[in-house]
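2 protein chains.
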Amino acid sequence: MSRYFSDKYKKLVPYVPGEQPKDRRYIKLNTNESPFPPSPLAQEMARRAADGLNLYSDPRCRDLVKAAAEHFGIDKDEILFTNGSDEILNFAFMAFCDADHPAVFPDITYGFYPVFADINSVPYETVPLNDDFTIDVEAFIGVDRTVFIANPNAPTGLALPLADIERIVASNPGNVVVIDEAYVDFGGESAVELIHKYDNLLVTQTFSKSRSMAGARLGFGIGCKELISDLNAVKYSINPYNVNSVTAAAGIGSFKDDEYFKSCCKAVSDTREWTADSLRALGFTVLDSKANFVFASSPEIGGKELYSRLRERGVLVRHFDAPRIREYNRITIGSPEQMRALIGTIKTILEDIR
Amino acid sequence: MSRYFSDKYKKLVPYVPGEQPKDRRYIKLNTNESPFPPSPLAQEMARRAADGLNLYSDPRCRDLVKAAAEHFGIDKDEILFTNGSDEILNFAFMAFCDADHPAVFPDITYGFYPVFADINSVPYETVPLNDDFTIDVEAFIGVDRTVFIANPNAPTGLALPLADIERIVASNPGNVVVIDEAYVDFGGESAVELIHKYDNLLVTQTFSKSRSMAGARLGFGIGCKELISDLNAVKYSINPYNVNSVTAAAGIGSFKDDEYFKSCCKAVSDTREWTADSLRALGFTVLDSKANFVFASSPEIGGKELYSRLRERGVLVRHFDAPRIREYNRITIGSPEQMRALIGTIKTILEDIR
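Line by line, the protein sequences give chains X and A.
For the first sequence, our numbering assigns the number 1 to the initial residue and increments by one for each residue that follows.
For the second sequence, our numbering assigns the number 1 to the initial residue and increments by one for each residue that follows.
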């Protein structure tokens, strides 16, 4: 830290992304990436866009917005694209939270929410998950704060039914409710259709998981045009050209290749069920995930020890050393081959310690 | 605006990017883009990176940082890459400015500085340019505020000698001095070499102009490792994966193709001198630009009228309707063909009104 760093940030605890070691080749199941490449059409459009990089990207992302509006059946002024969904989440903390509108989210959820709150000097409270790791819906009814809920939640993978989301939105008309649907395409119910019914609902999604474009950095928010207008005011005060041309082109390709998108989502969901069954057969407790990962613990080996032993054997998973969840690991669903290797490695580890 | 927008932003006046009309094909000389494509090596590396987009980009940009450290002769912890240089500038306003460290910059400069100040609730003062549009260096000596100076300045194109920059940095040891070198490669003197002498100097640059990569969104800051550490704390609290994989790969290609880079810079500088001479021959006042644009006014036609008449004829330049400069237009240096077309069009316009 320099002596010039503003006092207001001196106590920041930044987010820690999943590790990306380069010391050897790993089976990488730690950052919820897709095992598939982006759609061939997305790749082709990305390659073509690489020619015209001398010109600025379109700050309004007009072609991408058009493709998205068609895809979701919304108006063009009801969506805003960002440099990954972290950026739209940060914009939402900026635009819709302050001392008079503190934030609230589950105690166990995407670890970036408290970081966004802190850097924006937003007070926040957390609501403990129920004992079965489901979200305590009743605690969010009429909570009178700006709500952030990941649905499906991370790192649990558990999803709330749309009816519960609607109750939370409807019961908080004085605050924005942000539903973070990073993982919705693997079996959750999206709240996008509700944006025409509630002016306080913002739905965020990402291209990083189901659209196989984590490296391209593309996310978005969908809400009524007034909310989107507020978020645009923030964007144009920070980084108008926030989405680059290649990524915008790839995004269009992804929307236009819906068959590929659906086949990837189905393949991941099928592999997830196989993985969950295989882990249960080995004695693991596995939550009922609707995401592209499973959250699992074994009665035979501690969460951190399993993480370490897998890492030694070239398999990376994500372990959170936090209360209530430290016996679990979050395991990304990769290809069938990768998951067979994972299960084989876990078998070996369990045999070693038995 | 929604009723949920935080009071603190209700008076925001966002930045207005240069227009990007799509109604017809324009000779586009309004946003200081390069007329050349990115280096062939940069394009090739970008295309190759499009295959692996399913994996997250490296938040530390290790390969890109390595290439940059070699290029500039600095250590790897003395540089931070961002999603365009707007992002590093915003990070600097966040990290190094607050009520106790207000900002100061020239009254006529990059129009985003006051916007960054406002969105971060940073108080600021402006220092009027001298009558000849040069920066009033003495006013920044010991000014005891966080200084932002674009060198060369925009939209004037005028550059300060390195000795003046050093005097400003040396005389403000209690505050960070940010030198925004977006345009330095076209004839200015970079302050990068001073970062090892002063711990309060942050130099920012961009790939948008001299490296022909405006559409890729890549900028960076260079400073002592403590400043870079502070900026990283901000980055990891907002958007750790802020640079996408394709752009990072293209950036490496650009650094490695130094010959192409230098030839583009020389071509633009040569064309700039031809353009300035041609405008002067038509009676224009043209400032002595060291950037990839010229700032020019005619005694025969108002700035706004010239802008409008050029636009009608398919040539876009940038006009700022602000005190002291509204008789001027900022004209990007394009290809020799584009500039011949510009001069020809201006001749026609002047003949029409004579």
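Don't read these hints as lab results, they were simulated from the structure.
As the structure is a prediction and not an experimental result, all values here were calculated from the model.
Among the hints, a few may not be true.
Since the list gives no way to pick out one identical chain from another, each pair is judged satisfied if it fits inside one copy or across any two copies.
[As the list claims (entries may be wrong)] Simulated crosslink set (PhoX-like; lysine-lysine; CA at most 25 Å straight-line):
id	residue 1	residue 2
1	K266	K197
2	K256	K266
3	K347	K8
4	K304	K347
5	K225	K304
6	K304	K76
Tested hints:
1. K266 <-> K197: Answer is neither: 30 Å inside a copy and 58 Å across each miss the 25 Å cutoff.
2. K256 <-> K266: within (18 Å within a copy, 42 Å between copies)
3. K347 <-> K8: Neither: 49 Å inside a copy, 56 Å across copies.
4. K304 <-> K347: within (17 Å within a copy, 75 Å between copies)
5. K225 <-> K304: Neither: 45 Å inside a copy, 33 Å across copies.
6. K304 <-> K76: For K304 and K76, neither the intra-copy (46 Å) nor the inter-copy (32 Å) Cα distance is at most 25 Å.
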